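A.B. asks: These protein sequence lines map, in sequence, to chains A and B.
Residues in the first sequence are numbered consecutively from 26, following this note's numbering.
Residues in the second sequence are numbered consecutively from 4, following this note's numbering.
Simulated from the structure, these hints should not be mistaken for lab results.
Where hints are given, some of them may not hold.
Stretch-level coverage of chain A by chain B, calculated; a stretch enters the list once three of its residues show a Cβ under 8 Å from a Cβ in chain B [as the list claims (entries may be wrong)]:
#1 81 to 88
#2 107 to 114
#3 126 to 140
Partial chain A-side listing against chain B, Cβ under 10 Å, derived [to be verified]:
#4 GLY99
#5 VAL119
#6 LYS159
As the structure is a computational prediction, the values presented were derived from the model and not from experiment.
Backbone N, C-alpha and C define an ideal beta-carbon position, used for all residues, glycine too.
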Amino acid sequence: MRLRPVGQHVVLEDVGVSLAGQVILRGLSLELPPGEVLGIAGPNGSGKTTLLRLLATLVRPDRGVGRVLGAALGTTEVYDVRRHIGLIGHIPAVIGELSLRENLEHAIRLAGGDPARIEGALRVVGLDEAAHRKVETSSHGMLRRTEVARLLMSEPRLLLLDEAYSGLDFYAQALIDTLIERATGSGGAVVMVSHDPRHIAERARRVLSLSAGRLEPVT
Amino acid sequence: MSFWDQALEVARVDLRIERRMGDVLRIVLPFAVVALLVFPLALGVDLPAVSRLGPAVFWAIGILFGMQVALRQTADDRPERRDLYALLGVDPSARFVGRCLSGSVLMVGFLFVLLLATIVLYSPDLPDGWPAPVIAGLVLTAIGLTELGTLAGEVTSGLRNRTTLASLIVAPLALPLVIGASQTLESLARDAGILRWLILLVATDLALTVAGVALARPLEEASR
Numbered sequence: 026m027r028l029r030p031v032g033q034h035v036v037l038e039d040v041g042v043s044l045a046g047q048v049i050l051r052g053l054s055l056e057l058p059p060g061e062v063l064g065i066a067g068p069n070g071s072g073k074t075t076l077l078r079l080l081a082t083l084v085r086p087d088r089g090v091g092r093v094l095g096a097a098l099g100t101t102e103v104y105d106v107r108r109h110i111g112l113i114g115h116i117p118a119v120i121g122e123l124s125l126r127e128n129l130e131h132a133i134r135l136a137g138g139d140p141a142r143i144e145g146a147l148r149v150v151g152l153d154e155a156a157h158r159k160v161e162t163s164s165h166g167m168l169r170r171t172e173v174a175r176l177l178m179s180e181p182r183l184l185l186l187d188e189a190y191s192g193l194d195f196y197a198q199a200l201i202d203t204l205i206e207r208a209t210g211s212g213g214a215v216v217m218v219s220h221d222p223r224h225i226a227e228r229a230r231r232v233l234s235l236s237a238g239r240l241e242p243v244t
Numbered sequence: 004m005s006f007w008d009q010a011l012e013v014a015r016v017d018l019r020i021e022r023r024m025g026d027v028l029r030i031v032l033p034f035a036v037v038a039l040l041v042f043p044l045a046l047g048v049d050l051p052a053v054s055r056l057g058p059a060v061f062w063a064i065g066i067l068f069g070m071q072v073a074l075r076q077t078a079d080d081r082p083e084r085r086d087l088y089a090l091l092g093v094d095p096s097a098r099f100v101g102r103c104l105s106g107s108v109l110m111v112g113f114l115f116v117l118l119l120a121t122i123v124l125y126s127p128d129l130p131d132g133w134p135a136p137v138i139a140g141l142v143l144t145a146i147g148l149t150e151l152g153t154l155a156g157e158v159t160s161g162l163r164n165r166t167t168l169a170s171l172i173v174a175p176l177a178l179p180l181v182i183g184a185s186q187t188l189e190s191l192a193r194d195a196g197i198l199r200w201l202i203l204l205v206a207t208d209l210a211l212t213v214a215g216v217a218l219a220r221p222l223e224e225a226s227r
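Isolated chain B, as found in the complex (with noise of 0.2 Å):
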């Protein structure tokens, strides 16, 4: 079986799990919502500060809860599923690719929800034309949460504190996401050019799908 049919294969097996079991949809997209609501809440009949700190909110807590979709219980392999794969000669970057992509459509959609719950309780100032461009940097933003949390989540594999462990290690090198994301809605109200952000964003990318693919199987073996 070809890598891509592997990886397609762990992916699609992954999305069936998380539509029964529900770890994003249920548990980690409403808390996500009722965390948008705090901010609205807490600054009462302000509604230019709310509108005004609707992007920045968004982003916060999409990031903080983007974290919980990449480490979702649903995602972690236990001993014997890590067993079973290994004498199926299922190669470890496959199962990363195909962990990447079923966790990128989760986070997509994540983000795109918690996206429009933010213009519905913010009513930010949106720039015209900002659709594809903050559709875009989503995108690239969540491909790149999903392929940290998913690398994070394979050097903590099987440890207790394996989210919080996890999550540290995830959050100072989020950095250029979170610049690039939050950026690409910065300079767009200012006029300013965003393809910088969304080249950061790409490259952040890529450079995490090499690191993935590169390390899958030594992680794998270290493991064992």
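Okay, chain A solo, but in the shape it has when bound (with noise of 0.2 Å):
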């Protein structure tokens, strides 16, 4: 099978995927340009999470061929894309047993970034007060921004985000919203699913359905 354009963030061509010898996903084909916010819909079980996974290099397809900035999924090439994306998931990826300010700095030494951006990325998310917290004394909230501080500062070329608004007030939600912007304005392209078609409607350019693995256009 033959990969076509060039340029795009994100090529798939009839890409299925089975976990545990369940079908989970079935003859996904899309494409994802720079600066663009697809936005995904569909209930609970659907598959959006594994989707994003998918993309995020984190679950190999077991059919059809796919392209994730230029890295062909399944490959060793991922390996050199997977420092550019950036994944919110269900659960915030933190480690329980340090404080937020450590999370962060372990991620930007493990990254290679510079410790001197921890400070700023913390006030922008308004947590260069509680940064000292524990994670498991610190609220799904603040974890939430902890992530977001973290990928404010590692800019990733291709943002995915899973449910990414649930249980945020409004002031974490619009760092949210941030973050897909400072994302869109450099160049990279953001995926978000959702089973709340609202947060999708909100943000996205272009929004599919997914139901039971396949993806289909919303009319």
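Put the two chains together into one complex; each comes in its own frame, and the hints tell you how they fit.
C.D. replies: Shown next, in the form of structure tokens:
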């Protein structure tokens, strides 16, 4: 099978994913150009999270072909692009035994970034006063803000948001919007999934529906 | 960021977490010392027997509880942390090396405290000039045991019976380490050469390093 346009951040052609013997995604074809915000709506269990994990190169396709940021899915090429992918998943990706600031320090050191940027990022997300708090004593919203701070520093070229607005107050939701604006403003692309079509409709330029593992245009 | 920078950062944070959670210091070490105590209590006043048994009991307890150090809860990455490391561009081999570095520091400390407890409780008849070769053997065994445990932990990561399964994998593979470690002291006592046993330990450590680094990426991908 042939992969089409060069320059797309994501290209999928007839991609399928099975997990533990169960088909989760089937016949997915998708193109995502730089600067686009793509929304994917679908009910619980439709495969939204698996689709985002596929795009994050954290799940391998078992049929079809795909490229993310130019790297072929299911090959070692993905190692070269993973650092340019930002994912906000269901469960905040933080280390429970560390403080919020220590989590950011750890992440930026591992990514080879400049730790001097942490203070600025903490101020933007409103955590400069609470950065010393341990993850286990922090609220869901604070953990989300920590993730946003990390992604503000790493400036991903492909931003993937999995129900990122769930359980957040107005200000924290605005921070996710800031993240989207910064990503698209610098030539990145965004894919956001939600079971709530309102979150998507307000922000995405193109909306697709995922149902029983298949992508369909929203009419 | 270079391979070594990533490995050192993983090790630094592992040790920080261990300092806070205290899996080794507060749980494994006290139980290991209690296990050491059981033998003198069982043997009663037969002091020569206690003294003779000391080195063997030290290595038996050290290897068994050492596995718990290598497979400590704080070294088991939850799925979110694995994903985070992947998306931060952390090389799985660097993660393996980092985890081995932090584990080795803990394992050396653990075995060293256990050695001191053995000397106090068993008064083993140690030959002259024992500290250098015994400590060398202890450090090499600690490194090998940590590498083996880390590798087994990676293979069984995320499984419900991780600790049990990993221990079953490690037990037969730890044989060269057990032989090398125990024979170092035995040979020293008989005034025989210990070099070949130290070479066995070094060779085992190197083989485990190569295997761990080479397998880190395939194991990481197999978990996806």
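A.B. asks: Hint by hint, say whether it matches the structure.
C.D. replies: Hints, verified against the model:
| no. | hint | verdict |
| --- | --- | --- |
| 1 | 81 to 88 | holds (count 5) |
| 2 | 107 to 114 | holds (count 6) |
| 3 | 126 to 140 | holds (count 7) |
| 4 | GLY99 | 9 Å, holds |
| 5 | VAL119 | 8 Å, holds |
| 6 | LYS159 | 9 Å, holds |
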